[in-house]
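Please construct the entire structure, taking both the sequences and the accompanying hints into account.
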Amino acid sequence: MKNVELTVNGSPVSGEVESRTLLVHFLREHLRLTGTHIGCDTSQCGACVVHVNGKSVKSCTMLAVQADGAEVTTIEGLAHGEELHPMQQAFMDNHGLQCGFCTPGMIMSALDIVKRNGNELDEATVRKELEGNICRCTGYHNIVKSVQAGARAMGGES
Amino acid sequence: MTDFGIGASVKRKEDRRFLLGKGRYTDDIQPNGLTHAVFVRSPHAHAAIKQIDSSAALAAPGVIAVLTGDDLSADGIGPLICGVTVTSDDGEPHKAPAHPALAQGKVNYVGDHVAIVVAETYAQARDGAELVMVDYEVLPAVTDTATAANPGQQQIHEVAPDNVCFNWPFGDKEGVEAAFASAHKVSSLDLVNNRMVTNAMEPRAALGEYNAGTEEITLHVTTQNPHVHRLVMSAFNQLAPEHKLRVVGPDVGGGFGVKIFVYAEELVVGWACRKLNRPIKWTAERTEAFLADAHGRDHVSKAEMAMDENGRFLAMRVHTRANLGAYLSTFGTMVPSYLYAFLLAGQYATPLIYSEVKAVFTNTAPVDACRGAGRPEATFLVERLVDVCAADMGMDPAEIRRINFIPVDAFPYQTPVVQCYDSGDYNAALNKALELAGYADFPARAEAAAVRGKCRGIGISSYVEACGMAPSAAVGQLGGGVGLWESAQVRFNPTGNVQVFTGTHSHGQGHETTFAQLVCDQLGVPIDNIEVIHGDTAKTQFGMGTYGSRSLAVGGVAIAKACDKLIAKGKKIAAHALEAAEGDIEFADGSFSVAGTDKAMGIGEVAFNAYVPHSYPERLEPGFDENAFFDPTNFSFPAGTHICEVEVDPETGEVDIIKYSAVDDFGRLINPMIVAGQVHGGIAHGVGQALLEACRYDSDGQLITASYMDYTMPRADNLPSFDLDYAPTHPPDNPLGVKGCGEAGAIGAPPAVINAIANALDVKHIEMPATPETVWRAAQTAARA
Ligand code: FES
Ligand code: FES
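Going down the list, the sequences are from chains A and B. Quick note, the first sequence lines up with residues 25 to 182 if you use the numbering used here. Quick note, the second sequence lines up with residues 8 to 792 if you use the numbering used here.
Calculated from the structure, these hints are not laboratory results. Misleading hints may appear alongside valid ones.
What the hints assert, rightly or not - With a straight-line cut-off of 27 Å between C-alpha atoms, the simulated DSS-like cross-links for lysine-lysine are:
no.: 1; chain 1: B; residue 1: Lys18; chain 2: B; residue 2: Lys29
no.: 2; chain 1: B; residue 1: Lys29; chain 2: A; residue 2: Lys139
no.: 3; chain 1: A; residue 1: Lys152; chain 2: B; residue 2: Lys461
no.: 4; chain 1: B; residue 1: Lys546; chain 2: B; residue 2: Lys282
no.: 5; chain 1: A; residue 1: Lys152; chain 2: B; residue 2: Lys666
no.: 6; chain 1: B; residue 1: Lys20; chain 2: A; residue 2: Lys169
no.: 7; chain 1: B; residue 1: Lys29; chain 2: A; residue 2: Lys169
no.: 8; chain 1: B; residue 1: Lys18; chain 2: A; residue 2: Lys169
Claimed, not checked - Negatives, chain A to chain B, calculated, CB over 10 Å:
no.: 9; residue: Thr31
no.: 10; residue: Val32
no.: 11; residue: His49
no.: 12; residue: Thr60
no.: 13; residue: Val76
no.: 14; residue: Lys139
no.: 15; residue: Glu144
no.: 16; residue: Ala177
no.: 17; residue: Gly179
All C-beta atoms, glycine included, are put in the ideal place defined by N, C-alpha and C.
Here is the structure:
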C-alpha cells in the first residue's frame, strides 16, 4: 500500500492505495466522487475524463500513485456554488445529454477542447476533437452544439 | 401551448444532477460492508465441465466465497426464462433448453457463467476468479447463422434437434406462390442483417443487499423494467417472494433494449447476498458486456417481390434464418417472429405476404431486442428490396414507393400481416423529405462530385414500425406471458405540489420532464412543482417498464387518466366549497370555477381541502391521489421517410455522409427538443449498424470483436448533423395522439445509408457494415463490370 496526497477540486485529499489502483477507482471509491464514470476497459470511451494539472486525462489509464501531488479537477469541481459552469449550462440548454453517463467525460473533454482551440469552434473541429468520447444516446448532434455554445459562453465570461 | 405544457421544448428537469456529477447509477452506490463479485466465465464456446476446483481461490486473500451451479440448484434458484412462446410448424411450442444462471455441467458460449467469486475488494475478487480451476472438455462449436441447422452440425442442446428453436411459417403461402407464378417481374435479394452489440454506455451492474431483520432483498440493477425483474425473479426464479424483493433501477446509463432482460448475474448476486448475508456488487467490464450482454439482429434472409408491369407490388416472400444464440434470452423468441414478420408490409399495400423464419441456436451470446428489435430487420429487408425492385423496373426509387404506398384514405389499414396501422400519410412524409434532401437537384451534385473523382449516392428509406406496446389481449394471443398495459399514480401533497409515479422507466428518454409537461398542461400546476418518480418497486405501483417506444403512448396515457380522475374528484370538492352544483363546475388552467360566474378555486386549494376535509362533501373520500391503468387498444405506428446522401471515395472505400434528412410521423409531440434528441440518437445507432458495427465470432466461437478496439462505435466525426422535420398524422387509437419516437432512427437509417451507397456505386447490394474495405471491394468490382 502506498500513501498518496493530492488536491481534488481545490481540497487536499490523501489515501492509502495499492500500487495497481487506478486514478478513476481512487476518485470513485476512496473519495466517493462518482461523477467520473467507467465505460470501457480499453481507454476508448472517455467517460472517465478528468483534468490533471490542467490537462485532460482518461483517469482509467493513470494510476492513483501517478497522481500523487497533482491538482485534479473532476465534474464535481466545475460549478460555482449553485450556478452551473457555462459548459454545463450549455449542455442543458442544447439538450446535450440524455442518460448522462457520457456527460461528465464529454464536459471535461469539452473544456480541454476550448482551452486548446479557443472560443469560436467550428463543427468539424469539435467532431474531430471528440473522437475519444463515445456517446450512445445523442448521436452527438446536440453535444456538438453544446460544446460550441459553451465555448462561446466561456469567451463572453472572461 | 404554455411555456411548459404540451408542445414546449422545456429544458430537462433531470439534467442538473447529471451535469453536476450527482447522478446515481448502480455502480455509484457503496453501502457499508460492501463486497465485490467477479464471474468466472467460460473461455470456450462449447464444452463439458468435468470439474471445478475452487480451493486455491478460497484460500486467496479476501475471498469470501466461490459459488457454482450446484450451489444454485441446491437452493432451487432459476433457471432463467423466455417469456414468449412461438409455435413451430409442427404445432409444437418452440424448443426451450434449460438456461441455468450458473452452468450445470456444460457451457454453451464464450462468457457463459460458471461461478461467482465474492471477495472483500474488487481486486481480490478478480484475483480469486483467476484461481478457480475449471476442467473443460472442449466440444465443436456452431456459430454461423446460415448453416447452424444444416445436417451434420454439432448439436448444442438435446431438446433442439438440428439446433432449431422454431420454424415459423406465416402468411398465405399458396396465394403468394400463385402471385409469383403469374407476375410480370420478380425481384429478389439475399441479405444479412449484421449482428450488433447494443452498448449502452453504462455497463450492466447489480448490487444486492439482504436485510436479515425484514428478510428482504434489495436489488439495485441496471434495468429498464424493475417490476418485470421482480416478477420474473420471484415467480419463475424463486429468488424471493415478490413482497420480499425490492428492485430498484436507479439512474440507468442508457438501455436500448439490452437492460430489459433478466440476466444470470443479477439473479446470482441477489441470491448470493442473502446466502452470504453481505452486500455484493457486480459491475460488468466492457469486455464482459461484449461477451455476455444479449446481442441484437443477426439474420440471414432471402427476400423476393412479385410485381405487375407498372411496378406495383403483388406479393412478397421472405425466408429468414435468425440466430438466437446459445440460450433463449427473456424475449429472444419474439424479436425475429412477431416483431419482425408483422412489419413486413412496410408502408406498402402489398396484398400478399408470406414469410418463414427458422430460428437457430448457436454457441454465441443470447440474442434479443436491440433498439428497434425486429423492426430494423424488417425495414432493412423491405427498403433494400424496394430499391432493387426500382432498379429492375427502371423506375425512380421515390416513384416506386409512391405508387405502392398505402393511400392516405385507407387508414386505419389492415395489413395482410396482422397489424392494423392506425394513421399515416406516407406521401406527405416522402414529399417533405425529398424537399428537405434536395432530391431534385441531386444529379447536379453527383456530377460535381464525379468531377472530383468521388461517387455520390442518395438513398431513401420509408419505414413504418410498431410502438405503444401493447394491447394485452393481443400479447396473450401471441403467446406472451404478460399484459402490456401501463400504470400511473398522480398524488397531490397537502401543500399543492405533485408527485407522479409511473410504471415506466427513464434511462435517458427524459420522462421526468415530458411527463411533468403532461401534468402541467392538464392540471395547470407549475412544472417546478411536479416531480416524476420511477424505477423503484418500493415506491411505485406495478408497471411494465420502458421498451418498444411505449412510455408516452401507454404510460403517458395512464398519467392523463389519473389526472382525469383528479379533475373529476376536484369538481365534487369545488362544488361543495363554492356552493354550486357539480355539473356547473368547469376546470381549466388549474382552476375550478362555477360556469358563468367569477367564483373559482385553484386546484391547490382543492387538494388542501381534500387533506383537511373540515367542510367537505358527504361520503367523499378524503385525499387527492389517483391511480390509473391504461391498456392500449392497438399498437401505434410511427412512420417516415429518411434520406441519406453519401459521397464515396472509390480509391479508399471511405463513405462520407454529406446530408441526412428525416421526416417522421410521431403523432403529437410533447417536447420537440427531446423528440429530436431521440431521433438523432436513433439515426446514429442506425448509421453505426450500416457503416461501422460488426459483432463477429470466429468458427471456434471466440468473439473477435470484444472491445472498442475491434468493435467500432459511431464517434462524433463519423456523423453529420441531421436535418429533421415532421409530417404528423393523428392516431385515432391513442388518447394523447402520440405514437413513440425512440427507435425510429435506428429503424429508418440502415437502409437509407445502404441504398445511398448502392446508388453511389451502382451496385445491387452491399452488406452491412459497409466498412471502407467492403465498399472499396464493391467499387472495384463495379468498376470492372
Ligand atoms: S473508462 Fe476511461 S476511457 Fe473508457
Ligand atoms: S448521454 Fe447517454 S451515453 Fe451520452
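Results of checking the hints against the structure:
Note on Lys18(B) and Lys29(B): the hinted pairing holds, with a Cα-Cα distance of about 18 Å set against a maximum of 27 Å. Straight-line distance between C-alpha atoms of Lys29(B) and Lys139(A) comes to about 25 Å, which keeps the hinted pair within the 27 Å bound. Between Lys152(A) and Lys461(B), the direct Cα distance comes to roughly 22 Å. Compliance with the 27 Å bound is thereby established for this hinted pair. Taking the CA atoms of Lys546(B) and Lys282(B), the gap is near 26 Å; set against the 27 Å cutoff, the hint holds.
A hinted pair counts as satisfied when its Cα atoms are at most 27 Å apart, and Lys152(A) with Lys666(B) qualifies at roughly 18 Å. Proximity of Lys20(B) to Lys169(A) is assessed by CA-CA distance (about 20 Å); at most 27 Å being required, the pair is judged to hold. Under the criterion of a C-alpha separation no larger than 27 Å, the hint pairing Lys29(B) with Lys169(A) is consistent with the structure, at around 23 Å. Annotation: proposed proximity of Lys18(B) to Lys169(A) holds, straight-line Cα distance about 15 Å (limit 27 Å).
At the 10 Å boundary, the C-beta of Thr31(A) stays outside the reach of chain B, the nearest C-beta of that chain being 17 Å off. The claim that Val32(A) is not at the interface with chain B holds, since no C-beta of that chain comes within 10 Å of its own (minimum 12 Å). Taking the minimum C-beta to C-beta distance to chain B, about 8 Å, the non-interface status of His49(A) is violated against the 10 Å cut. Its beta-carbon lying about 7 Å from the closest one in chain B, Thr60(A) breaks the requirement of being farther than 10 Å from that chain.
The Cβ of Val76(A) lies farther than 10 Å from every Cβ of chain B, with a closest approach of about 17 Å, so its non-interface assignment holds. The beta carbon of Lys139(A) sits about 18 Å from the closest Cβ of chain B, which is more than 10 Å, so the claim that it is off the interface holds. Chain B leaves Glu144(A) outside its interface by the beta-carbon criterion, the shortest separation being 17 Å against a cut-off of 10 Å. Interface exclusion of Ala177(A) from chain B stands, the closest Cβ pair being 14 Å apart, more than 10 Å.
Remark: the non-interface label on Gly179(A) is consistent with the geometry, its nearest Cβ contact in chain B lying 20 Å away (cut-off 10 Å).
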